[in-house]
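J.: Going down the list, the protein sequences come from chains A and B.
Sequence positions in the first sequence follow my numbering and run 1 to 294.
Sequence positions in the second sequence follow my numbering and run 295 to 551.
FYI, nobody ran anything at the bench for these hints, they're computed from the structure.
Remember, it's a predicted structure, so these values are computed and weren't measured experimentally.
Don't take every hint at face value.
To be verified - Chain A stretches covered by chain B per the calculated footprint, using a threshold of three residues with CB under 8 angstroms from any CB of chain B:
{"id": "1", "stretch": "154 to 165"}
{"id": "2", "stretch": "174 to 183"}
{"id": "3", "stretch": "218 to 226"}
Using N, Cα and C, we set each Cβ at its ideal position, and we do this for glycine too.
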Amino acid sequence: METLLNPLLQPLIQPLEMLFMQRALAIGVVVAVVCAVLSCFMTLKGWALMGDAVSHAVLPGVVIAYALGLPFALGAFVFGVGSVGVIGGIKQHTRVKEDTVIGLVFTGFFALGLVLISKIRSSVDLTHILFGNLLGITDADLVQTVVISVGCLLVLLLWRRDLLLFCFDPSHARTIGLNTGVLHYLLLTLVSLAAVAGLQTVGIILVVAMLVTPGATAYLLTDRFDRMTWLAVLSAVSATVLGIYASYWLDASTAGCIVVVQTLQFLLVMVWAPRHGLLAQRAARRSPGSGVQG
Amino acid sequence: MASPDPSPPALQGLAGIAVDHLTVGYNGRPAVVDVTLELQAGSICGLVGMNGAGKTTLFKVLMGFLKPSSGSIRIAGWSLRQAQRRQLVAYVPQSEQVDWQFPIRVWDVVMMGRYGAMGPLRWPSDDDRRRVQNALERVDLWPLRERQIGALSGGQRKRAFLARALAQGAGVLLLDEPFSGVDINTERLIIDLLIALRDQGATVLIATHDLESIPSFCDRVVLINRTVLAYGDTSEVFTQANLLRTFSAAPSPSAPS
């Protein structure tokens with residue numbers, strides 16, 4: 001029996017014998033879980049562009065925090081939330097449209113981050129920040145990422161009902177006396193922190209994929225929010241594990257592999273999802289009356 | 295499931311609305327000028343005006359989304375924020391404002407009416423569940439409680455959000471176009487419910503285009519075009535002459551171009 005299974009299991013087990021692979025998988029899964037839960041709120045709120053903006057805008061904050069020996073999370077929080085404040089301010093006081101302002105502000109922040117990295121000349125490796133460095137993660141990074149992830153996850157789970165209400169119907173939230181401003185900035189803070197956590201696995205450029213794709217995939221599979229959350233987590237974790245293995249076997253970019261697997265998952269679901277997939281919708285159109293009409 | 299409570303749950307206080315010399319604008323351009331209104335508890339008031347006459351603006355102020363540039367709003371004597379914290383105000387949105395694809399069930403939507411009365415983590419109590427059940431039964435949606443909201447018909451969708459307001463038990467109800475896109479049965483059901491709420495002492499403010507139904511259930515009417523053109527008992531104010539004034543009047547000089 002053992003000899004029969006061995007050739008099959010060997011490619012799965014052999015990488016696990018290496019410490020860096022164990023760490024990569026562990027940290028990858030932790031980050032995948034928190035980003036996946038957050039991605040459900042992001043897709044429902046329609047905040048993909050905002051997520052992209054915030055995750056890029058944290059770069060100067062991370063670099064400054066690194067240079068000063070402060071936790072990354074602090075720098076990311078200040079610049080992530082700050083960038084949104086700047087976006088809001090410019091939008092309010094000029095005639096420029098919102099998507100233009102978002103595009104302008106986050107690239108500005110990002111560029112500032114690039115300048116800072118090249119001037120500070122520390123041990124920060126630019127490519128590691130931009131594209132992740134999952135296979136070479138340090139102890140300090142590991143601790144920080146786990147602390148951030150667990151913290152975000154706790155907040156998301158405890159306040160999920162308020163956050164869901166905020167995404168669904170901010171008018172009602174306001175009318176029953178909830179502070180929608182606090183919820184708005186809570187969600188933005190979580191995005192900034194998740195961006196720092198995701199920075200370790202897929203890097204700052206691709207982190208938005210972690211914050212959007214699992215939620216979008218799950219959204220096509222169910223009409224229940226709790227199931228959507230579980231499916232997003234399942235999708236993100238499996239994509240991360242598969243991606244890390246793929247990167248090991250193919251000797252290819254880890255971040256690239258993870259996000260490619262995620263995107264493939266989305267494409268599969270988009271076509272074959274039971275009710276909201278393209279094929280199911282086409283079938284429903286052919287036989288009207290079988291589906292539930294709105 | 296337990297049989298429904300025969301007497302509907304009590305409303306949160308008896309709350310009238312007092313709007314005093316209210317002026318509101320966007321970017322310094324006034325949209326509503328010098329509005330003064332006094333809605334007594336236990337009345338239904340229709341808010342009538344053209345598109346752009348300031349109905350939505352007035353609702354936004356009453357919900358706290360827009361700050362008045364001058365004037366004030368009191369609800370049951372409280373400031374708006376205080377009244378909202380006391381669960382005195384409920385809002386039934388226009389259908390166009392709702393994301394019907396949202397992965398949420400009818401039951402969950404109605405339960406959101408109870409959030410303000412729950413602890414910070416929003417764990418529902420048995421009382422919350424009872425009130426949600428009661429509200430769903432009053433709008434005939436109990437059998438459909440497990441449905442995703444997009445799988446409801448136009449009339450059922452309206453009733454789901456009305457049930458949320460019922461579950462909240464607020465003394466002040468703001469309804470934005472509750473009759474658009476609903477069938478005659480739902481319209482009847484909504485009107486009967488509003489009358490029942492009024493008899494319990496609720497203050498109901500309805501923005502509507504459906505002029506024909508107004509005399510059948512509105513005690514009072516406000517006609518607006520950037521400011522109050524006429525306000526009073528329906529029999530006195532809801533006249534041909536006043537309506538003509540409301541719907542043909544050129545926008546007032548302060549209107550933005």
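J.: Next step is simple, just say for each hint if it's right about the structure.
T.: Cross-check of the supplied hints:
1. Closer than 8 angstroms: that is the beta-carbon criterion, and the stretch 154 to 165 of chain A has 6 residues meeting it against chain B, so the requirement of 3 holds.
2. Only when three residues or more bring their CB closer than 8 angstroms to a CB of chain B does the claim for the stretch 174 to 183 of chain A stand; here the count is 5, and the claim holds.
3. Proximity of the stretch 218 to 226 of chain A to chain B, defined as three or more residues with a beta carbon under 8 angstroms from a beta carbon of that chain, is established by the 5 residues found.
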